[in-house]
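So the sequence shown is numbered by the working numbering: it starts at 1 and just counts up by one.
Please note: incorrect hints may appear among the correct ones.
What the hints assert, rightly or not - Below, a list of computed lysine-lysine pairs in the DSS-like style, where the Cα atoms sit at most 25 angstroms apart:
| no. | residue 1 | residue 2 |
| --- | --- | --- |
| 1 | K89 | K8 |
| 2 | K89 | K149 |
| 3 | K149 | K8 |
Claimed, not checked - Simulated DEER-style distance windows between Cβ atoms:
| no. | residue 1 | residue 2 | range |
| --- | --- | --- | --- |
| 4 | E203 | P143 | 17 to 23 angstroms |
| 5 | F166 | L120 | 38 to 44 angstroms |
| 6 | M115 | E34 | 34 to 40 angstroms |
| 7 | L178 | G5 | 16 to 22 angstroms |
| 8 | T3 | S129 | 31 to 37 angstroms |
| 9 | G160 | L24 | 34 to 40 angstroms |
| 10 | W175 | D2 | 16 to 22 angstroms |
| 11 | M167 | V31 | 30 to 36 angstroms |
| 12 | M119 | E203 | 21 to 27 angstroms |
| 13 | Q87 | V123 | 37 to 43 angstroms |
| 14 | L108 | K156 | 17 to 23 angstroms |
| 15 | F121 | T182 | 31 to 37 angstroms |
Note that these hints are calculated values from the structure, not bench results.
It should be emphasised that the depicted structure is a prediction, and the values quoted were computed from it without experimental measurement.
Cβ coordinates follow ideal geometry from the N, Cα and C atoms, glycine included.
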Amino acid sequence: MDTTGNYKDRALSVLEGNWRTMVLLTFLYIVIAEGVFRALTLTCQLLWHAPEAKLAGSLLSIPITLVLLPVQWSYVASFLRLRNGEQVKVNNLFDCFKDYTRIFVTKLLQFIYTMLWTMLFIVPGVMKSYSYAMTDFILLDDPTISDDKAIDKSMKMMEGHRMELFMLDLSFIGWALLAILTCGLGFLLLSPYVYAAHAEFYEDLKQQGNSLEDITNL
1 MDTTGNYKDR
11 ALSVLEGNWR
21 TMVLLTFLYI
31 VIAEGVFRAL
41 TLTCQLLWHA
51 PEAKLAGSLL
61 SIPITLVLLP
71 VQWSYVASFL
81 RLRNGEQVKV
91 NNLFDCFKDY
101 TRIFVTKLLQ
111 FIYTMLWTML
121 FIVPGVMKSY
131 SYAMTDFILL
141 DDPTISDDKA
151 IDKSMKMMEG
161 HRMELFMLDL
171 SFIGWALLAI
181 LTCGLGFLLL
191 SPYVYAAHAE
201 FYEDLKQQGN
211 SLEDITNL
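Assemble the whole structure, with the sequences as input and the hints as a guide.
See below:
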């Protein structure tokens, strides 16, 4: 595996010439997610009084989150598309609807498993989230895989590498603090930077003898 610094350099290299599109994609994803929740809140306020609206909003936020999970997949997977110089477009954010059931069920299971581990304790939840971190990229690379198989492959790929990915994420903490100081606007640049680095990390995992084909034969 490569060093943290090199992953960040590789991410910047991949994003060169693509920053405008990926920032726009990030902005659109945030607008969609924020817009859905704001519309939900407004609807609850119109239908119920304050206490009931708060409760209804909390309950309905769960299914809304699940509906947005496939869109999140489209966003994350778009960074893997950059590896071969593919021209990513804004409409790639809606690629999940071309194979919605497969993406939705897999992301739903990933969400449930992560939540169950987090309910057990925070640390196991975080560890499992890193074990599942490659699931989005696997779903893009293998159009035939779904459900637990995709999640299992991610877990096998991440065996012995969770701390490396955690340290990579930790190296962005300074940028995250700066993004917060800009009232969140900095995340429009930071998010593409992080996910592009994750995509490079995934590519190296495959080169380390943990390719999708190798894992299938385990």
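Open item on the list: For each hint given before, does the structure comply? Return the numbers of the non-compliant ones in rising order.
Closed with: 2, 3, 5, 6, 8 and 12
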